[in-house]
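Engineer: With chain A held as given, fit chain B onto it using these hints.
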Amino acid sequence: MCGIVGLFLKHAKLEPELGHLTAAMVSELRDRGPDSAGFAVYGNATPGITKLCAVARQGPVAWPHIADRLSKATNAPVAVAVIDNHALVKTEGDGDAARTWLIDNVPEATVLSHGQSIEIFKGVGDPEAVAKRLDLAGRKGTHAIAHTRMATESAVTLAGSHPFSTGEDTCLVHNGSLANHNRLRDFLRRHGERFQTENDSEVAAAYLTWRRREGDTLEAALEHSLEDLDGFYTFVVGTRDGFAVLRDPIACKPAVMAETADWVAFGTEFRALVPLPGIANARIWEPEPATVYVWNRGS
Amino acid sequence: MARKPVAPGHADEPTRNTTFDLAHMSVRDVNRLLHEAEHGDFVIKNPRGLHAIVAGLDGELNVSIDGHVGYYCAGMNKRASVTIGGNAGTGLAENMMSGRVHVKGDASQSAGATGCGGLLIIDGNASARCGISIRGLNIVVKGSVGHMSAFMAQAGTLVVLGDAGDALGDSIYEARLYLRGKVKSLGADCVMKQMHDEHKVSLRQLLDASGIGGTVDVSEFRRYGSARKLYNFHISNLGSY
Chain A
1 MCGIVGLFLK
11 HAKLEPELGH
21 LTAAMVSELR
31 DRGPDSAGFA
41 VYGNATPGIT
51 KLCAVARQGP
61 VAWPHIADRL
71 SKATNAPVAV
81 AVIDNHALVK
91 TEGDGDAART
101 WLIDNVPEAT
111 VLSHGQSIEI
121 FKGVGDPEAV
131 AKRLDLAGRK
141 GTHAIAHTRM
151 ATESAVTLAG
161 SHPFSTGEDT
171 CLVHNGSLAN
181 HNRLRDFLRR
191 HGERFQTEND
201 SEVAAAYLTW
211 RRREGDTLEA
221 ALEHSLEDLD
231 GFYTFVVGTR
241 DGFAVLRDPI
251 ACKPAVMAET
261 ADWVAFGTEF
271 RALVPLPGIA
281 NARIWEPEPA
291 TVYVWNRGS
Chain B
300 MARKPVAPGH
310 ADEPTRNTTF
320 DLAHMSVRDV
330 NRLLHEAEHG
340 DFVIKNPRGL
350 HAIVAGLDGE
360 LNVSIDGHVG
370 YYCAGMNKRA
380 SVTIGGNAGT
390 GLAENMMSGR
400 VHVKGDASQS
410 AGATGCGGLL
420 IIDGNASARC
430 GISIRGLNIV
440 VKGSVGHMSA
450 FMAQAGTLVV
460 LGDAGDALGD
470 SIYEARLYLR
480 GKVKSLGADC
490 VMKQMHDEHK
500 VSLRQLLDAS
510 GIGGTVDVSE
520 FRRYGSARKL
530 YNFHISNLGS
540 Y
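These protein sequences, in sequence, are chains A and B.
In case it helps, this note's numbering puts the first sequence at residues 1 to 299.
In case it helps, this note's numbering puts the second sequence at residues 300 to 540.
For reference, chain A alone in the conformation it holds in the complex (with noise of 0.2 Å):
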């Protein structure tokens, strides 16, 4: 099971709308993945300016005295700002070495993501529960995807919620499972990624990180892993400016994508996809098996 749900604007009329259309998507998908839910939405980015996003694993986190000790550690400004029990920190230093400064210093916490545009929330329980304590529908952005989840490979935790990410403003959620995960993660350690979970879809989006910093596109990355990623899976991934989908060449996992001149959509099902406005006059398609599709902001 697990429910994906995508929605990537083309044009900024709609940017305002962008965490009312993806909040009403997600709550059709909810029976789909009652476990746990999470979202990543892009958009405020600043120039010069890296966001982190993390949450607390258990109890209270004392954030403004990690964004000091964060600050002097990295000799750069640091912000933050709590949001239930995530926060979002803003350093005008180096955004890796923040990531990597938080997941070495501060076990009481998982980093979600980092980057200019991107921010993850996520939280265990009922999707539609998780989407309103965290505000999804007041975000604003030019891209979405989020995830109900319906745990298999491993428990049901937060950290076990999609999306991950352990790139700069790349995401990745996934329904399905992955064989490879355990040799492909000490793969990929050995190549220097940094995990925090030992869930199977972590291991994707490393993958990608990897790829990428290797040099690939998001779409030669996204051709490697049909290679690499043994299992089954639907991707929906996410990066600064684009947006892409695949399927494994089984495609046992269900996707239906619609496009209007506004908008494209991925949806676990389609009932996904009826709240979007101009949905009636969408063009609508299965994602073919084994093949990448890509969009970019601009192209």
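Watch out, some of these pointers could steer you wrong.
Stated by the list, open to error - Chain B regions said to be covered by chain A (calculated; three or more residues, Cβ under 8 Å):
no., segment
1, 347–357
2, 497–511
What the hints assert, rightly or not - Partial pick of chain B residues on the chain A-facing surface, computed with a CB cut under 10 Å:
no., residue
3, Val368
4, Gly388
5, His446
Hints were generated in silico from the structure; no laboratory data involved.
We treat Cβ as the ideally placed atom computed from N, Cα and C, and that holds for glycine.
Structural biologist: Chain B only, in chain A's frame:
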């Protein structure tokens, strides 16, 4: 549940041209009313990709659905004629027994799965595993079908005017496959066979029943079926069963 007897003209009797709006009624309520009806024409509005719409019909009904449907639409259909104005999700008309189901758009995976009889018409494309394990259902796809179509198909027919994906007819038993376009690859034990007159006649009948007999030439099709090397049933052993 036994069918409720309804007197003609009774206020509760779903009558001809009854419209059900799924924006205001549950699928369960609409299905229950249709299960109780013996005959009549019905329109269903706002299907919104919901699951199991008109599953389990068993009456001389004509049902028209205005829009896209979700999983298992018209599953187990018996006698009724169902027309879907949009696309259909996974498992369209699965385990259909008789009657007719017609989708004007595309169908997702496993369309017609395990169907025992009747006619399933798909105007657009069908994705993976179309006609998986059919046991007598006839399927006419005017577009193309995805991989593993007619997997383990036992009896019935799959007609495809477009192309077929990988592993067509894998582990097929006695179903007949007629393909006008290209096949990406054949599955285990599936082979091309000669088109004899009897095959052209039965193909013509299916095309006629699908409303395209006048525009499609049966000589453009190739026939595929089982090489009968993978399963061990021999007619001479019939008495042993």
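Engineer: If you count the residues of the segment 347–357 of chain B with a beta-carbon closer than 8 Å to a beta-carbon of chain A, do you get 3 or more?
Structural biologist: holds (count 3)
Engineer: Classify the hint on histidine 446 (chain B) as holds or violated, based on whether any CB of chain A lies nearer than 10 Å to its CB.
Structural biologist: holds (7 Å)
Engineer: Grab the minimum C-beta distance from glycine 388 (chain B) to chain A and call the hint holds if it beats 10 Å, violated otherwise.
Structural biologist: OK, holds: glycine 388 (chain B) within 10 Å of chain A, min 6 Å.
Engineer: Within the segment 497–511 of chain B, is the number of residues with a Cβ closer than 8 Å to a Cβ of chain A three or more?
Structural biologist: Violated: only 0 residues of the segment 497–511 of chain B have a Cβ under 8 Å from chain A.
Engineer: Quick check on the hint: valine 368 (chain B) CB to chain A CB, less than 10 Å?
Structural biologist: holds (8 Å)
Violation of the numbered hints given earlier is confined to hint 2; every other hint is satisfied by the structure.
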